[in-house]
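Asks: The chain contents come next:
Protein chains: 2
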Amino acid sequence: MILNGYETANKIKEELKKEIECLKQKEIYPKLVVFQVGDNEASNIYIRNKQKACESVGIIFELVHYKESITQQELENAIEKKNQDELVHGILVQSPLPKHINELQVFETILPSKDVDGFTSYNIGKLWCHETCLLSCTPKGIIRILKEYNIPMEGKHVVIIGRSNIVGKPLALLFLEENATVTILHSKSKDIASISKQADILVSAVGKPNFVTKDMVKEKAVVIDVGINRVENKVVGDVDFEHVSPICSYITPVPKGVGPMTIAMILENVVIASKNK
Amino acid sequence: MILNGYETANKIKEELKKEIECLKQKEIYPKLVVFQVGDNEASNIYIRNKQKACESVGIIFELVHYKESITQQELENAIEKKNQDELVHGILVQSPLPKHINELQVFETILPSKDVDGFTSYNIGKLWCHETCLLSCTPKGIIRILKEYNIPMEGKHVVIIGRSNIVGKPLALLFLEENATVTILHSKSKDIASISKQADILVSAVGKPNFVTKDMVKEKAVVIDVGINRVENKVVGDVDFEHVSPICSYITPVPKGVGPMTIAMILENVVIASKNK
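Read top to bottom, the protein sequences are chains H and C. Take 1 as the starting number for the first sequence in our numbering and just add one per residue. Take 1001 as the starting number for the second sequence in our numbering and just add one per residue.
It should be emphasised that the hints constitute simulated quantities derived from the structure, not laboratory data. Each hint should be verified, as a subset may be incorrect.
[Said to hold, decoys possible] Restricting the straight-line Cα-Cα distance to at most 25 Å, the calculated cross-link-like pairs of lysine-lysine (DSS-like) are:
hint : chain 1 : residue 1 : chain 2 : residue 2
1    : C       : Lys1147   : H       : Lys190
2    : C       : Lys1147   : H       : Lys188
3    : H       : Lys18     : H       : Lys67
4    : H       : Lys188    : C       : Lys1220
5    : H       : Lys188    : C       : Lys1208
6    : H       : Lys218    : C       : Lys1197
7    : C       : Lys1218   : C       : Lys1208
8    : H       : Lys99     : H       : Lys81
9    : H       : Lys11     : H       : Lys256
10   : H       : Lys220    : C       : Lys1220
11   : H       : Lys17     : H       : Lys256
12   : C       : Lys1188   : H       : Lys147
13   : H       : Lys13     : H       : Lys275
14   : H       : Lys197    : C       : Lys1188
[As the list claims (entries may be wrong)] Covered stretches of chain C, as calculated for chain H (at least 3 residues, CB under 8 Å):
hint : segment
15   : 1126-1134
16   : 1164-1175
17   : 1186-1193
[To be verified] Computed spacing ranges between beta-carbons, pair by pair:
hint : chain 1 : residue 1 : chain 2 : residue 2 : range
18   : C       : Lys1018   : H       : Pro98     : 28 to 34 Å
19   : C       : Tyr1029   : H       : Glu15     : 56 to 62 Å
20   : C       : Glu1055   : H       : Ser194    : 31 to 37 Å
In this text, a Cβ means the ideal position worked out from N, Cα and C, and glycines have one as well.
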């Protein structure tokens, strides 16, 4: 069975639209500012998608674009200005940034209450302690789609392949909060297949096409594919969908799986940030 | 083979003593302030141990003690004063705190640069991003003793039983940084033994005597016992030491295992905080 992220995201967007209408009646106009440095092609696509999504629900979208030559200090100052701007509720910095820029330090500059990506130390610390905060959007989107499809997580063995700061690690914490047993695999793990095959819920956030093959998946497992890989002008995930989908109970496709959920969660975080104000 | 935390901690303390001598020549006098509220008997013992350890290496120790009736605001104000005191380098709040006090909020009050327990959101966020910071002492002590005994972690399967904010979760992150595969089990996990039996390195932070039995441990595994349980005036760990120790390759005893390493790491964090100033 397909976990349709596209449909689920649309449902969430419809709800957000109504909430935003209410906010506007209270003269709160939710606004997201995205910072982009340079002209990475993939970034252009991601940003355009975010813009469209914002506009479709009534969030004001502003793109602040800089040339590659911008300095760390200039970028941080520009973010600081938006931190202080009362009409801005959410701030995103599109990665990757040029190599001369310290990305972590840039993220840290964002006011935690406007950090709709949930990347600041403050929001990570809150996530750690089960406190409500602006949660990282991809992990949040994954938990949400599982809940929308009533897939139980408590006591299940979740295996996450990938240990990034923006997917693997926060997702592990969110699954722990759902009372799942969590294993994190990565490039230095040995015997990946023997562990992934134990998963009731298998998440792949690796970034390699056909990385997850049929022999790595337990029968009736739930498979979540976070990969976004471009192959011959097509976008594919990490999972060998053709051979894996017949044996699992649920699977997210790529596209129309985790991707739209991530964007829906960005929108939701902007609305949360607007309400918190 | 026994992983002797007591001896390893003493070795570390000898090194710290020398460093502290050097700091004193630069007129830096490392100082730790511990806040205690109420008279929990176990807390009294822990605090006395910390005091003895500080004094043994030349760290100035101050205990600030309050009655159970102290309010949240009063406690936070008292911490704030020590935050501002330039002669104080490390601040600890001994838990448990009385029920009317929000413990997380109290921890958050500590200036991150003086947070020698590594409990503030800021320090958790830094840990998350592989940045140097004041690391949580028990997890740090566990990684340190494994390194002192040259026990390889890369590619090993580490299974941690317990998902607390101060042991299980930060320890998982530290093991990931050592390139281990990490599984986190807890009270809601199913089939604990079948997973723990896969561990090359098994960590128990449960708080129940004899929780880890022989049938839960793989032959030649490394077993780390974080439990401190009082049974008939004796302190015992989580592991059935008598039956588990013959089959594993290394094991930490209780007492004289993880406990002294934790205290040594508190001292080390005070020294780091003093140097950072």
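Asks: All hints are to be evaluated individually against the structure, with a verdict given for each.
Replies: Structure-based check of each hint:
1. C/Lys1147 - H/Lys190: Given that 25 Å is the threshold and the Cα spacing comes to 20 Å, the pair holds.
2. C/Lys1147 - H/Lys188: Measuring from Cα to Cα gives roughly 18 Å; hence the hint holds.
3. H/Lys18 - H/Lys67: violated, 37 Å
4. H/Lys188 - C/Lys1220: holds, 21 Å
5. H/Lys188 - C/Lys1208: Since the Cα atoms of H/Lys188 and C/Lys1208 sit roughly 33 Å apart, the hinted pair is violated (cutoff 25 Å).
6. H/Lys218 - C/Lys1197: holds, 20 Å
7. C/Lys1218 - C/Lys1208: Distance ~20 Å between C/Lys1218 and C/Lys1208 Cα, so the pair holds.
8. H/Lys99 - H/Lys81: holds, 23 Å
9. H/Lys11 - H/Lys256: holds, 13 Å
10. H/Lys220 - C/Lys1220: It is violated: about 33 Å lies between the C-alpha atoms, which goes past 25 Å.
11. H/Lys17 - H/Lys256: holds, 20 Å
12. C/Lys1188 - H/Lys147: OK: C/Lys1188 and H/Lys147 at ~18 Å, within 25 Å.
13. H/Lys13 - H/Lys275: Roughly 16 Å separates the two Cα atoms, so the pair holds.
14. H/Lys197 - C/Lys1188: holds, 21 Å
15. 1126-1134: holds (count 4)
16. 1164-1175: It holds: at least three residues are needed, and the segment 1164-1175 of chain C offers 4 whose Cβ sits within less than 8 Å of chain H.
17. 1186-1193: Our answer is that it holds, as 4 residues pass the Cβ test (under 8 Å) against chain H, meeting three.
18. C/Lys1018 - H/Pro98: 28 to 34 Å: Violated, since C/Lys1018 and H/Pro98 (Cβ atoms, about 44 Å apart) do not stay within the stated range.
19. C/Tyr1029 - H/Glu15: 56 to 62 Å: Once the Cβ atoms are compared, 59 Å apart, the range 56 to 62 Å for H/Glu15 and C/Tyr1029 holds.
20. C/Glu1055 - H/Ser194: 31 to 37 Å: Hint violated: Cβ distance 51 Å, outside 31 to 37 Å.
Comparing the model with each numbered hint stated earlier shows that hints 3, 5, 10, 18, 20 do not hold.
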